[in-house]
Amino acid sequence: MEDTRTSRLNSFFSPQQGMLFAVLGIFIIYPFVANNYYTDVAFFFGIYALLGLSLNVVLGEVGLFDLGHAGFYAIGAYITAILNTKLGIPVLALLPVSAIAAALFAYVVCSPIIHLRGDYLCIVTIGMGEIIRLALINNPFDLTGGPNGVFGIDFPSLGSHFVIDSSIEYYFFIWIVVGFSIIALIRLQNSRIGRAWNCIREDEIAANANGINVRYYKLLAFVLGAAMAGIAGNIYASKLMCVSPESFSFMESCLMFCIVLIGGMGSIPGVLIGAAVISLFPEIFRPFALYRMLIFGTVMILMMMFRPGGAWPRRRGGADMRSIMNIRRKHG
Amino acid sequence: MAETDLRTTTRPILETRNLTKIFGGLTAVNNFDSQVREGEICSLIGPNGAGKTTVFNVVTGIYKPEGGTVVFNGNDITGQKPHQIVTGGIARTFQNIRLFPNMTCLENIMAGQHCRSSAGMWGSIFRTSHQKNEEFHIREVAESRIRQVGLWESRNELAKNIAYGSQRMLEIARALATEPGLLALDEPSSGLNPHETEELMVFLKSLAKENLSIFIIEHDMNVVMGISDWVIVMDEGAGIAEGRPETVYHNPRVIEAYLGYDDQQADGEN
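Chains as they are written, first to last, in the working numbering: chain A, 1 to 332; chain B, 333 to 602.
FYI, nobody ran anything at the bench for these hints, they're computed from the structure.
It should be emphasised that the depicted structure is a prediction, and the values quoted were computed from it without experimental measurement.
One or more hints might be untrue.
Here are the in silico distance ranges between beta carbons for each label pair [unchecked claim]:
1) A:Lys-86 x B:Lys-464: 43 to 51 Å
2) A:Gly-179 x B:Ala-495: 38 to 46 Å
3) B:Asn-525 x A:Ile-113: 42 to 50 Å
4) A:Gly-179 x B:Phe-468: 24 to 32 Å
Covered stretches of chain A, as calculated for chain B (at least 3 residues, CB under 8 Å) [stated by the list, open to error]:
5) 198-206
6) 211-223
Chain B regions said to be covered by chain A (calculated; three or more residues, Cβ under 8 Å) [said to hold, decoys possible]:
7) 439-445
8) 462-471
Ideal Cβ placement from N, Cα and C applies to all residues, glycine included.
Just chain A, same shape as in the assembly (with noise of 0.2 Å):
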């Protein structure tokens, strides 16, 4: 067992992994280069990733259609915003509470409809983002500061000598978080909890006369969905400084959807993808903004109907195998 492990470091640097490298270098270069509008323009290109990638768990993965994502990411940005400017606690020990608040709220909320399927499930969600929204608008017991939304949010500190307050540093920060999600979700699509939500999303009543709690693994998918979510928000809210309920619009639940959609469901490449295209659309269209969304509308129909895999299909087969644990191959 031991020589094959070594064995299979050796083939650890195939030319994916040289890509993988290549890709890396840009991104830690990017920032010094870029001036500070373009390193912006990547945070929130990396706010959307780390979106899709939350979404993907559940949408991707498991194949809930989850409408209302942006309610989750609401609660993370809301909880941040009251708890640091009420109580002053600081933003980064808020980003595990966020996840763990959007977390609830999705187990609470979640665990009555998750039966539901497709269509009817992708009604409730809606319903469910639009009414964390309007409950926000509403200013409950003097909280959220209804439409104006909460202001004068803290920079991420660890005491007074690390503070993250530049474009560069939210820039690193954010695709810290991003890149331990993916090492996280890569995971947990090559373990049994991934196949278990790869084969409820094929086929429901299989995975269950296979052994696989269906409702646990839906449950699963939404919280984890809702944490990553949460802690989207919380970054989202440090670095704006303030938020707002039109932040956490229908239309943002939309864009996710159309992020994982574009990239390929539960493909990781393909969510980056996805938010690149999301993130980035509206800066390279800047000069025809009136046509916007015109473009971004017959982009959509073309995709669906020419590629409606996505642009990077999830690959099983060969390579998914080869990265499934440190597992020798003993023939082939």
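Based on the hints, put chain B in the right spot on chain A.
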């Protein structure tokens, strides 16, 4: 004679007692009693609409029965959820093949090992040694099962892309990967050509030799007669006859159920 002894001496692994399942005004299964003995191949036959698949769905937890009990290995499993029943040791296949079409053949079988493994989300994210060993074991079981059904060459193909007959075998392999005590097969030979059916029969017999009990719904009489140790006949939701295959084959009530109540036709059969 020795064969008759097999039925009377071995322990029952699955029993249904007074099983009743009602859909609206239709009693699909009506006070159905049956026993599957350890290590035997027991066939459930009957005309279309007799309630065979409903019995399977009740036994495997997809439906909850209105009355009666299902006992597996001495434990009452009535009303348990499908995933609990699989974990308890009853694996099944479906009449219309239900694979995970966009997953590879090997992944399909690995899914069968789900209920025999325990790594959680954090274990999978941090790749604990427990999770690694478990994943290694899952892989080994899946590989041995895929070889057993002769699909090793297709292991990295998507399940939807392999031939129909191979899909049937893959579904059985996935069920076997759950390490069952009882394998419930719903019309495994439907859609197979005579050669594939022959292979299936040999395969099922070899499984029974390893002391796996098999409960099988089958329409192909050659298969039923060829492999069964015991045959149960259903009609209109109730058991109407059971016995060794050759006895059942000549039972007038069975002939009646299949061919209708015309005496001349019943006599004409065989």
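Going through the hints against the structure:
A hinted range of 43 to 51 Å holds for the C-beta pair A:Lys-86 and B:Lys-464, which are about 45 Å apart. The supplied range of 38 to 46 Å is met by A:Gly-179 and B:Ala-495, whose beta-carbon atoms lie about 42 Å from each other. One distance hint, 42 to 50 Å for the beta-carbon pair B:Asn-525 and A:Ile-113, holds here, with the actual separation near 46 Å. Judged by the Cβ atoms, the range 24 to 32 Å given for A:Gly-179 and B:Phe-468 holds: they are separated by roughly 27 Å.
Three residues within the 8 Å Cβ limit are the bar, and the segment 198-206 of chain A against chain B gives 6, so the coverage statement holds. Three residues within the 8 Å Cβ limit are the bar, and the segment 211-223 of chain A against chain B gives 5, so the coverage statement holds. Given as covered by chain A, the segment 439-445 of chain B passes the check, having 5 residues with a CB less than 8 Å from a CB of that chain where 3 are the minimum. With a cut-off of 8 Å between beta carbons, the segment 462-471 of chain B has 7 residues touching chain A; three or more are needed, and the interface restraint holds.
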